[in-house]
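4 protein chains.
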Amino acid sequence: MAKEIGVGVLGYSIGRAHAHAWRDVAEVYYPMKLVPRLVALAGRTKKVVKFEAAKYGYAKTYSDWEKVVTDERVEIVDNCLPVALHPAPMIMAAKLGKSLFCEKPLARRATDAKRMLDAAEKAKVKHMVGYNYRFMPAITLARQMINKGKIGKITFFRGSYLTTNSTYDDPKTPMRWQFESSLSGYGALSDLGTHALDLARYLVGEVGAVAGAQSTIIKERPETEGARKKKRVNVDDLTVATMKFRNGALGTLETSWVNPGRMDYLSFEIYGTEGSLRFNLERINELEIFLSERDRGTSGYRTLNVLAKEHPYMGKYWVNQGGGFGWDHSFVNEFHHFLTSISDDRPVGPQGATFLDGYRNCQIMDAIADSAKSEAWVHIQE
Amino acid sequence: MAKEIGVGVLGYSIGRAHAHAWRDVAEVYYPMKLVPRLVALAGRTKKVVKFEAAKYGYAKTYSDWEKVVTDERVEIVDNCLPVALHPAPMIMAAKLGKSLFCEKPLARRATDAKRMLDAAEKAKVKHMVGYNYRFMPAITLARQMINKGKIGKITFFRGSYLTTNSTYDDPKTPMRWQFESSLSGYGALSDLGTHALDLARYLVGEVGAVAGAQSTIIKERPETEGARKKKRVNVDDLTVATMKFRNGALGTLETSWVNPGRMDYLSFEIYGTEGSLRFNLERINELEIFLSERDRGTSGYRTLNVLAKEHPYMGKYWVNQGGGFGWDHSFVNEFHHFLTSISDDRPVGPQGATFLDGYRNCQIMDAIADSAKSEAWVHIQE
Amino acid sequence: MAKEIGVGVLGYSIGRAHAHAWRDVAEVYYPMKLVPRLVALAGRTKKVVKFEAAKYGYAKTYSDWEKVVTDERVEIVDNCLPVALHPAPMIMAAKLGKSLFCEKPLARRATDAKRMLDAAEKAKVKHMVGYNYRFMPAITLARQMINKGKIGKITFFRGSYLTTNSTYDDPKTPMRWQFESSLSGYGALSDLGTHALDLARYLVGEVGAVAGAQSTIIKERPETEGARKKKRVNVDDLTVATMKFRNGALGTLETSWVNPGRMDYLSFEIYGTEGSLRFNLERINELEIFLSERDRGTSGYRTLNVLAKEHPYMGKYWVNQGGGFGWDHSFVNEFHHFLTSISDDRPVGPQGATFLDGYRNCQIMDAIADSAKSEAWVHIQE
Amino acid sequence: MAKEIGVGVLGYSIGRAHAHAWRDVAEVYYPMKLVPRLVALAGRTKKVVKFEAAKYGYAKTYSDWEKVVTDERVEIVDNCLPVALHPAPMIMAAKLGKSLFCEKPLARRATDAKRMLDAAEKAKVKHMVGYNYRFMPAITLARQMINKGKIGKITFFRGSYLTTNSTYDDPKTPMRWQFESSLSGYGALSDLGTHALDLARYLVGEVGAVAGAQSTIIKERPETEGARKKKRVNVDDLTVATMKFRNGALGTLETSWVNPGRMDYLSFEIYGTEGSLRFNLERINELEIFLSERDRGTSGYRTLNVLAKEHPYMGKYWVNQGGGFGWDHSFVNEFHHFLTSISDDRPVGPQGATFLDGYRNCQIMDAIADSAKSEAWVHIQE
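Protein chains in written order, with the numbering used here: chain A, 72 to 453; chain B, 72 to 453; chain C, 72 to 453; chain D, 72 to 453.
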């Protein structure tokens, strides 16, 4: 028989996509042992919190995240707040023995992430970071093919996340927390690049050293919409880096949110001794694969429509439909994975990203930023 | 204040996508005046009906569609049964004053569709046919651009729907109702081509005459999975036609479900005196547009990612996310449109497809099939 | 030892591409037994003829085509004149025992083409029609794959040739011989569609019956550049047709030179029981192939870059270079084929198009035009 | 009246593409003031030299390059030898007052390149390096658009050149001079990456600092075809780098010749404050442009087919033909530019690459290689 589990969500921005997925997961993966119930939502603006709660069916609303964390009915704390507000609620929730779900990146700096990891480990609770792209059919398929050795030994990874994040390319777009390092950690790197780095680790392996450079393209922005007064942006609009993986592969990372023309270009190309793989999020359900064959005359990249019943997760969706898998379903799959980890007491990794993954990711971001300042390669502590 | 409206669904195949959308619509379009409640589900196999009902939260299940239609709490009858079973339930429901939603095509032949249209009109109830692709951002945007005159006067329409419908290209795939004309009407034409014809009418206008040809590629199939005994397929696996629109444009239609390589290729290209548009469902969120410009040196097809807040429907979804709009959301938008038509007493057309559209569509299909037999152009009655 | 063979060219429009190829062929295919020498050029405007002759190294120029045909040093007559001027020079040249090369289409009507074929056959001279696309690596490869059975039995052919032929979409573009049926035969059909029909026959087989429709989009044009006086266009700007191949496959043809957005879109898709092939000339060196495989999870269209040494003709070019094979080289390959047919006394077909192919092609075009008038399928005489 | 100018070519490998272009340039650009004549060819293997000379019409052949350089009829020395053999012949030719054309990269190291530059400058002769991609319509168009400010201030450059150079991904492919640093300088970096760096400089500006990493994927290869004995490869199969341009833009370079799936992927993406541009050589005649527009609802990348008469160089070719511009024509345009520089005494730069460009390019390559060793950013001397 299905049991209910109470979910408390902090924040209603990306929190909307979470709430939608918490609502849908038990239907898509019916029957599940644990069925999530939206218990409480916390957020800054009262009116919005009320609206969102009504929309998604939350039982209670608060303006203070502590109230959610300490609410007895909340068994999973799902943290969608600005990055600077990741550690405190997660550490408090860990101490209370609750399951931890945290949006990416785990923290502003690796030191904070380490504290969160330690708290979670000490409390022996389940912990997961919201690297939802791991749960897309095309990307999970990529991992399966790599693990089966289809492209041989990996030699080269190209990862990027390039967007204009709606209107970040417009100097009139005002300040927001993402442009404040005290709240966000880094800029495009923390918001977008972190996803590409997670895929690097998920698909290729640990990164040993990096050399990076960063720039702020739009150096100041109006304090608020339409304001004359401007404020200095102190994070990167653009970060580039070269990487050395511990397994010998080389890699590059490119991330920017001021890239006119790109809408949501999270992409990777992975080359191995026997083939290669390509993906980009703007064509979410396509994976391009090249498998070295004896007959070079008929070899070429294949474009897979990763929507057939043979593909990861698709058994639960509408197979063979163009666009049958949308962005929102990555959250559904992710939460199914997390709920199953809890109900069956199975490890979240390596398919899901744990706080250890979140910490490793922060280490790489710190190293890139350090390298950009020191103009030297930075080796990452194992 | 929101009011509830009872929905009864007949059939659980495409009915799954409907149930999902009936459940999600009130969340996505919150707040709505009318909130659908899944009241009753009818289906052939008891065990499956039970499972589906539990999954989607239907209050009751029946094995007989009449029970659903006559259930007092059912105010909308949503017909997802095989085509041959479209007329009777819809006509009965009309007589009972219920709102009518019917999957495509409306009927096996235009004569049946006409009876359904007449019944609905006589009963003065709302009626809609499930041409859900009208409710995709890229396609609605195409219509808006055409209506604004962006591509001038339309001269040429190329429409196609080519798939392998999972495994229809495999001769071992057994008989199913789609292969039986007494149940389905036509083959690929009724199942897929009908969508392309609807887009022809939605985007270009009424079709005046057609010349067509049809073939059955896999002439017989096992009676059931693995059976030795075979049964003759009496519908088209492939239909091609040329069309003359009443406004002078010419067109082509190509549809097949035995097209190795194609997964879900519903496509159109529309040429006008001032530009052109291209779409295919395998890249669900892209619309390609060409606008004739004085400077031919910098003119070219633009690939729009139709996922920005400026695009139709996207205000209700996650904007600027690659794949932020999935196939299932077309049903959500469609049901929102239907529910609003009911709550605000507004016409379903021309944005939504009414039974009149369903009837016109059947007329064209009949004409194509007639033409294929007579080897002459067939003019369609106005 | 190489022997020279004298070439006389009639016309300097597409004649430029011919002259270039006659000059290059002996270098690209070095060593050849027969080396072409440009002996004489005929053309209407004296000044242009002189310029072209100097550019390409023709020994002599004439304003009258008869002078070229009867010039004793001319052993190959290469006819690049408007279509209405194809029969007379070719028939005269045949009687003089010269080798015949004629641009496409062979004639305005099949009856004329038949006379040309008969003359050539009677004179026992080599004859070839300029369907140069047969000599592109991607297209020859397509034929090889089909012949090896890679895509099984062919069921469906989609062919199109859509362009704006530079500025034909502009109503200010003045009359030219292509818009006069007395000179050209048909419009887009004769100029472009004929190529797609040739590929249909080259790749799929003989066409048995057609149903077509035609329209003239820009009904009148200035008599000359900038002229106020207009003249009626009496050919098709757009032709669509459905086709029945003698082997049971169905097909479509779409051709237009008023297609804003298309530059040079000669395309085909060929579906068989075991796979499919796609090509379009705007991506001249790519062939997309789908081969049905047991594992549907990793099957998809492969994009071949047909530029490797394993690919047809490429041994003579710069292999593995993006764009290593350009449009002009199709003429080089074509002339090599023709010269080898002469030097080694080998048949021009089935790789090259003979006057029989030219005649068959005209039959289909006549049938499409007849069908467009009669509104009935037209069966083609075998 | 046209004058002839004698050309002596050293080497017959890429020398074939040169010879072809020297032969064609006077036809394509007819009438030219200076018409090249192929006077002498030098090459290692006598039999091949003889064959090539006969094929392209060279008057004389030598096995020793000095003979070509000192041949009195040779006025242009075109150096297609392995990189290590670039300096000596060019310096000797400079002293003899001959015009200098040298394949890329100019030299193994910047110090050698500097000597060549100094010699050329001192002798006041014309000098050019074979960065032929500058002379492709799509790439020249990119430069024109950038110079007109169409994409605003450049912020980010992504350049790559990824191939398998036919079979370099195969460990059985034996040693050749490209794998020997004493002959080639670097590996993929010298052979391919140098082109991407040239485009970086041509399109964006001077590079100020780099951080790079290199790896050798196939560490040893058979000494000769099929040999058991293996030899160590001492150059990079893969080089990645991040770059800081002097104008503030950031950039990345990725180059490898062991990239299964890539045939000839020279690519760039350039982002500016107002738009972006994309190109890749596998689609040689396409340029993708994004121009920021007020209406985000209809903005998207445009795919230009750079084959119209409005596009650079195309007035000399067959306009509006798919594939009307092939790879070989870039050499034709390049030689036309060089010959015109000589005949009209005009500077080779900035459109053509001079020995100064060749030297700057070598500086960047040296800096990348140094950085890969030192694990620190290397600043380039101005």
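Take the hints with a grain of salt, since some may be wrong.
No copy labels: a pair is met if it fits in one copy or bridges any two.
Unchecked claim - Below are the SDA-like pairs computed for lysine to any residue, each with C-alpha atoms no more than 20 Å apart in a straight line:
no., residue 1, residue 2
1, LYS104, SER134
2, LYS118, LYS195
3, LYS243, ALA73
4, LYS243, ARG365
5, LYS193, ARG317
6, LYS166, TYR101
7, LYS221, LYS387
8, LYS74, THR238
9, LYS224, GLY77
10, LYS380, SER363
11, LYS131, PRO418
12, LYS290, TRP248
13, LYS166, LEU427
Hints listed in this document are in silico derivations from the structure and should not be mistaken for laboratory results.
Going through the hints against the structure:
Within a single copy, LYS104 and SER134 get their C-alpha atoms no closer than 31 Å, and across copies no closer than 28 Å, so neither meets the 20 Å cut-off. When the C-alpha separation of LYS118 and LYS195 is checked against a cutoff of 20 Å, the pair qualifies neither within a copy, at 37 Å, nor between copies, at 41 Å. Proximity of LYS243 and ALA73 under a CA criterion of 20 Å is satisfied in neither setting, with 50 Å inside one chain copy and 39 Å between copies. In the homo-oligomer, the alpha carbons of LYS243 and ARG365 lie at most 20 Å apart only across protomers (13 Å), although the nearest pairing inside one protomer, at 55 Å, exceeds that limit.
In the homo-oligomer, the alpha carbons of LYS193 and ARG317 never lie at most 20 Å apart, since the shortest distance is 28 Å inside one protomer and 50 Å across protomers. Taking CA atoms no more than 20 Å apart as the test, LYS166 paired with TYR101 passes in neither setting, with 32 Å inside one copy and 36 Å between copies. Taking the shortest alpha-carbon separations for LYS221 and LYS387, neither the intra-copy value of 26 Å nor the inter-copy value of 34 Å comes in at or below 20 Å. Taking the closest pair of Cα atoms, LYS74 and THR238 never come within 20 Å of each other, the shortest separation being 43 Å inside a single copy and 38 Å across copies.
For the identical chains of this complex, LYS224 and GLY77 are neighbours neither inside a copy (44 Å) nor across copies (51 Å), given an alpha-carbon limit of 20 Å. Taking identical chains as interchangeable, the C-alpha atoms of LYS380 and SER363 lie at most 20 Å apart only when they sit on different chains, with a minimum of 16 Å there against 26 Å within one chain. In the homo-oligomer, the alpha carbons of LYS131 and PRO418 never lie at most 20 Å apart, since the shortest distance is 31 Å inside one protomer and 39 Å across protomers. For the homomeric pair LYS290 and TRP248, the shortest alpha-carbon distance inside one copy (15 Å) is at most 20 Å, but the shortest distance between copies (49 Å) is not.
Only within a single protomer do LYS166 and LEU427 lie at most 20 Å apart by alpha-carbon distance; the minimum there is 18 Å, versus 63 Å between protomers.
In this structure, the earlier hints numbered 1, 2, 3, 5, 6, 7, 8, 9, 11 are contradicted, and the remaining ones agree with it.
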